[in-house]
Structures are given as structure tokens and as C-alpha cells.
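For any residue, its number in the numbering used here is found by taking its place in the sequence shown, counting from 1, and adding 1.
Since no wrong hints were added, every one of them can be taken at face value.
Pairs of lysine-lysine residues, derived as PhoX-like cross-links and limited to a Cα-Cα distance of at most 20 Å, are as follows:
1) K24 <-> K3
2) K24 <-> K106
3) K3 <-> K106
Estimated spans, in silico, between C-beta atoms of each pair:
4) R5 <-> T62: 47 to 55 Å
5) K3 <-> A60: 48 to 56 Å
6) G84 <-> R5: 26 to 34 Å
It is worth saying that the hints were derived from the structure and are not from the lab. Note that the structure is a prediction, hence the values are computed from the model and not measured. Virtual Cβ for every residue (Gly too), placed ideally from N, Cα, C.
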Amino acid sequence: MKIRAALFSALLFPGLGQLLVLKRRNRALLFMVPAFAALLFLLRTAFTAASRIAEQVTAGTLPLDPQAIAAQIEATNSGGMAGNIAATVLLVAWLASILDALLAKS
Numbered sequence: 002m003k004i005r006a007a008l009f010s011a012l013l014f015p016g017l018g019q020l021l022v023l024k025r026r027n028r029a030l031l032f033m034v035p036a037f038a039a040l041l042f043l044l045r046t047a048f049t050a051a052s053r054i055a056e057q058v059t060a061g062t063l064p065l066d067p068q069a070i071a072a073q074i075e076a077t078n079s080g081g082m083a084g085n086i087a088a089t090v091l092l093v094a095w096l097a098s099i100l101d102a103l104l105a106k107s
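Please work from the sequences and hints to get the whole structure.
Next up, the structure:
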């Protein structure tokens, strides 16, 4: 049962093993809420950067050249420090969820 919960949390989403397999709703929310918020922030930041670059390509200010687009992506610095914090929160929530599922009392 622990292994199954850990696999759910590892392969699907943090806290999902606690919710579906171990039936620990509060413990699951402890991992799911921060992970979801961090993932939402990262996706929104990536979408905003992609939209900006697509607008530049459409307007003709950025050539349709993969190297120029890659250089623009690197120059964008999407998220900055907040992006690093969000990625760290997501990673910690994911790893802690797996560890918690493995160490859960049956």
C-alpha cells in the first residue's frame, strides 16, 4: 500500500497517493496546494513569455530563426527569483510527498 501511494505521488502529482491510496485528505492537501500553486505560477510565466515572443515573431520584429528565438528566450529571464522559488517549492513538495507516502504508518 505504501509503495502504491508513493508511486501515485511520484508519477502523477504530489499528494495524490496520500489522497487516493492512504485516504489522508489533510496530509494530501499539505502537498497538493503548494505544488499546484507553484505549477500554476510556472505555467503562467512560461505562457506569458511564449506569447510575448510569438507576438514579436508575428509583428516581424523577431525573425523566424530558431537561434534568434532561442536567444530571445534566454534574454527574457522569465520568472526570475520568483520562478526559482516556485520550482523549488514544487520539487520539495514532490519529494516530500513521496517520502511521506513511503514512511506512512499502515
